[in-house]
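There are 2 protein chains.
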Amino acid sequence: MPISMYAITVPVFTRYLNNLDAVLATAEKFVEERKIKPEVLGQSRLAPDMLPLTFQVQSTTDRVKFALCRLTGREAPSWQDTEVTLADLRARVKKGLDFVSSFSEADLAGAENRMVTLKVRGEDTQVPAVEHITLNAVPQIFFHLTTAYALLRHNGVPIGKRDFVGA
Amino acid sequence: MPISMYAITVPVFTRYLNNLDAVLATAEKFVEERKIKPEVLGQSRLAPDMLPLTFQVQSTTDRVKFALCRLTGREAPSWQDTEVTLADLRARVKKGLDFVSSFSEADLAGAENRMVTLKVRGEDTQVPAVEHITLNAVPQIFFHLTTAYALLRHNGVPIGKRDFVGA
Numbered sequence: 001m002p003i004s005m006y007a008i009t010v011p012v013f014t015r016y017l018n019n020l021d022a023v024l025a026t027a028e029k030f031v032e033e034r035k036i037k038p039e040v041l042g043q044s045r046l047a048p049d050m051l052p053l054t055f056q057v058q059s060t061t062d063r064v065k066f067a068l069c070r071l072t073g074r075e076a077p078s079w080q081d082t083e084v085t086l087a088d089l090r091a092r093v094k095k096g097l098d099f100v101s102s103f104s105e106a107d108l109a110g111a112e113n114r115m116v117t118l119k120v121r122g123e124d125t126q127v128p129a130v131e132h133i134t135l136n137a138v139p140q141i142f143f144h145l146t147t148a149y150a151l152l153r154h155n156g157v158p159i160g161k162r163d164f165v166g167a
Numbered sequence: 001m002p003i004s005m006y007a008i009t010v011p012v013f014t015r016y017l018n019n020l021d022a023v024l025a026t027a028e029k030f031v032e033e034r035k036i037k038p039e040v041l042g043q044s045r046l047a048p049d050m051l052p053l054t055f056q057v058q059s060t061t062d063r064v065k066f067a068l069c070r071l072t073g074r075e076a077p078s079w080q081d082t083e084v085t086l087a088d089l090r091a092r093v094k095k096g097l098d099f100v101s102s103f104s105e106a107d108l109a110g111a112e113n114r115m116v117t118l119k120v121r122g123e124d125t126q127v128p129a130v131e132h133i134t135l136n137a138v139p140q141i142f143f144h145l146t147t148a149y150a151l152l153r154h155n156g157v158p159i160g161k162r163d164f165v166g167a
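From first to last, the protein sequence lines are chains A and B.
Residue numbering for the first sequence follows this note's numbering, starting at 1 and increasing by one per position.
Residue numbering for the second sequence follows this note's numbering, starting at 1 and increasing by one per position.
In short, the hints are calculated from the structure, not lab data.
Do not take every clue at face value.
Since the list gives no way to pick out one identical chain from another, each pair is judged satisfied if it fits inside one copy or across any two copies.
[Unchecked claim] Derived SDA-like pairs: lysine to any residue, alpha-carbon spacing no greater than 20 Å straight-line: (1) 29 x 81; (2) 94 x 45; (3) 94 x 25; (4) 95 x 25; (5) 35 x 4; (6) 37 x 84; (7) 161 x 140; (8) 161 x 74; (9) 94 x 84; (10) 94 x 79; (11) 29 x 66; (12) 94 x 121.
Given the structure is predicted, the values throughout are model-derived calculations rather than measurements.
Work the whole structure out from these sequences, hints included.
Structure follows, in structure tokens:
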């Protein structure tokens with residue numbers, strides 16, 4: 001199996017966004033059964049100065065979107081951060097999944113030779129694409145995914161690591 | 001910059017284990033200043049049925065070790081899970097870093113063509129190395145790294161996402 005920019009992005013993002021959707025679906029059921037107001041979990045945090053669940057899901061999907069756009073030169077669509085309920089957050093994940101599925105192996109062919117432009121302390125900085133994806137984009141995506149999982153877990157949603165890792 | 005099995009493992013593990021060490025160092029200082037017993041944070045959990053910080057650090061380093069051994073056919077050393085204090089956990093991370101630094105680009109050359117053997121429900125199962133690393137090993141490493149970070153953050157240790165992502 002060859003190693004490629006496609007292999008380290010599209011199948012990974014697809015699998016883990018699907019897993020995030022499944023975890024959010026379990027959270028929806030939990031909230032319904034316990035008659036918890038639909039906006040409560042979305043606003044939950046692990047520390048008062050940490051961003052809430054809504055942000056973690058928005059950031060996961062945004063970072064997936066930007067990673068693929070930077071690798072291909074495609075313009076990133078703008079997604080409004082208006083999600084409140086778990087259903088809204090699942091729709092956001094679905095938007096992310098649809099976007100990921102619009103990238104083919106051909107779209108990402110040769111992306112390992114690109115430089116990507118990032119803002120670092122307000123300045124445009126050029127970084128090799130491989131370095132950006134492996135050392136920054138993928139870790140940050142898993143950071144926000146895991147934080148979303150941890151927030152739900154901490155609030156009693158019946159999920160385990162198997163739900164994070166998926167099939 | 002070429003994409004390789006080395007590029008998606010060794011530099012990533014090195015950077016994020018170093019970041020974990022820095023976060024644990026901040027936790028050590030926090031514990032000393034507040035005269036918290038040295039074993040308390042190591043036993044902290046985000047949910048009563050979730051494994052504690054010691055496990056998260058042990059699992060991070062174990063998964064790094066197994067990923068590199070599976071890719072190269074090297075035998076994995078056995079590390080006793082005896083850590084109690086934050087100093088112990090930093091020593092465990094150091095052990096992980098030393099092990100990672102023993103792998104060269106040449107050691108991992110061609111690893112994308114290997115099959116790795118995993119136990120799946122007690123059965124030996126062959127999985128392509130690229131699939132194992134991208135869809136399972138790296139996500140699980142970031143799962144445990146982020147959980148360690150989240151546990152410390154939840155307990156008031158003054159860290160931010162910048163400390164997770166590092167330089």
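Going down the list of hints, with the structure as the test:
In the homo-oligomer, the alpha carbons of residue 29 and residue 81 never lie at most 20 Å apart, since the shortest distance is 23 Å inside one protomer and 37 Å across protomers. Taking the shortest Cα distances, residue 94 and residue 45 never come within 20 Å of each other, neither inside one copy (23 Å) nor across copies (31 Å). In this assembly of identical chains, the alpha carbons of residue 94 and residue 25 lie at most 20 Å apart only when taken from the same copy (12 Å versus 39 Å across copies). In this assembly of identical chains, residue 95 and residue 25 lie within 20 Å of each other by CA distance solely inside one copy; the values are 16 Å within and 39 Å between copies.
For a Cα distance limit of 20 Å, the shortest separation of residue 35 from residue 4 qualifies neither inside one copy, at 46 Å, nor across copies, at 50 Å. For the homomeric pair residue 37 and residue 84, the shortest alpha-carbon distance inside one copy (11 Å) is at most 20 Å, but the shortest distance between copies (40 Å) is not. With identical chains, the CA atoms of residue 161 and residue 140 are at most 20 Å apart both within one copy (19 Å) and between copies (9 Å). In this assembly of identical chains, residue 161 and residue 74 lie within 20 Å of each other by CA distance neither inside one copy nor across copies; the values are 34 Å within and 27 Å between.
For a Cα distance limit of 20 Å, the shortest separation of residue 94 from residue 84 inside one copy, 15 Å, qualifies, whereas the shortest one across copies, 42 Å, does not. In this assembly of identical chains, residue 94 and residue 79 lie within 20 Å of each other by CA distance solely inside one copy; the values are 12 Å within and 41 Å between copies. In this assembly of identical chains, residue 29 and residue 66 lie within 20 Å of each other by CA distance neither inside one copy nor across copies; the values are 31 Å within and 36 Å between. Taking the closest pair of Cα atoms, residue 94 and residue 121 never come within 20 Å of each other, the shortest separation being 32 Å inside a single copy and 31 Å across copies.
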